[in-house]
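Participant: Read off the chains here:
2 protein chains.
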Amino acid sequence: MNNQKRQKDDIKVPEPTLRRLPWYLSNAKLLKQKGEHFVSSTQMSKEINIDVSQIAKDLSYVKISGRTRVGYDISELINVLEDFLGFTNIHKAFLFGVGSLGGVLLGDSGLSHFGLEIVAAFDVNPEKVGTSINGIPIFHSNEFKQKMKEYSVKIGVLTVPIEIAQQISDTMIAGGIQAIWNFTPFRIRVPEQIVVQNTSLYAHLAVMFNRLNFNNDIKK
Amino acid sequence: MNNQKRQKDDIKVPEPTLRRLPWYLSNAKLLKQKGEHFVSSTQMSKEINIDVSQIAKDLSYVKISGRTRVGYDISELINVLEDFLGFTNIHKAFLFGVGSLGGVLLGDSGLSHFGLEIVAAFDVNPEKVGTSINGIPIFHSNEFKQKMKEYSVKIGVLTVPIEIAQQISDTMIAGGIQAIWNFTPFRIRVPEQIVVQNTSLYAHLAVMFNRLNFNNDIKK
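Protein chains in written order, with my numbering: chain A, 1 to 220; chain B, 1 to 220.
Since the hints were made in silico from the structure, they are not lab data.
Glycine is no exception: its CB is placed at the ideal position from the N, C-alpha and C atoms.
Any given hint might turn out to be false.
Said to hold, decoys possible - Footprint (simulated), chain B over chain A, 3 or more residues, beta carbon under 8 Å:
| # | stretch |
| --- | --- |
| 1 | 24–32 |
| 2 | 183–191 |
| 3 | 210–217 |
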């Protein structure tokens, strides 16, 4: 086991830190495009409006050290962050439920730039099974266990209707899936060792609508 | 001003509550599909694994009261939650940046079921300007101010490259946009009265990858 792995074993990075690291990455990429070579945490703090001590603390989790007076080497910062965030390794995934959102995610080549490659999808709709989207084959759901043996997949993307979200999650986990990216607004229950990332576009919409109405009501 | 409006004026619902309400909604919809008529907070607590007192507290923000021994009327709960979350009113939106994710959101008819209707999109790519996706016209970005006068729009969906995310946000706000749904991994800065909802798929991927690696390292 190398040092990097050992470090990961010892320290579980807090989720808020993990959510901020992509901001530093996108800021570093932007500065690089502008022709900059170094960035200080003070400069970054002004650019993205995060406390300078918070930035230093967050970056202490990744293997990079700034130089006095000049700050971080931008190219190094980009490489280290992309590597740390898992964007440089391709993680293979299966997608479950080729509805409107599922179809959209199969078509979005953008996800592969960030390390996620959907290699196959599952559905029960006879009009979809046997076809492919963007070169990704769509299999019948009852072929899942067999396909787990053929592909080396740890991640499942969940875009099924809510009434089967729990059942499909259970099936995924029984088949060996270790992480579920849940796009449904349903709160799935999983064993402790299974990673769940909830991305409910509808929950985000709800927050936005409510805040917008709140602001408009205040103005009245 | 009616009572509901007054209530919104007085109480700003906490964001964690707003994020949980769609879970209650999807659970209620599921129970309705199963033919149930009433649900107690205890039952809901078991179904979605949230503390019963938390559920009661969250639901106290919406205008619904349960009945002793039988609980909440499920149909009423669905109506009240959908209304409260803003899913029953159509909110018109402009989309900025018809790249891969932008194109995907224009094609996703699913968003309109939750109250968001993208009525027009903006880009500078001459191959896209003048065309339409899913019936939604794509205009040149410099037509934005004019189009704000034609459409009644308060929401802007931001799916541009990170290097212009701030500039386009500034343009949106100057033109009268009041809420920005930011899909970029860039942290935009806005005046206090502007609502920003960040939905960075890449930040969610980063959290998932990191947790998955952490679990796999532990097993070694």
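Participant: Look at each hint and say if it fits the structure.
Facilitator: Hint check results:
{"no.": "1", "hint": "24–32", "verdict": "holds (count 5)"}
{"no.": "2", "hint": "183–191", "verdict": "holds (count 5)"}
{"no.": "3", "hint": "210–217", "verdict": "holds (count 8)"}
Checked against the numbered hints listed earlier, the structure breaks none of them; every hint is satisfied.
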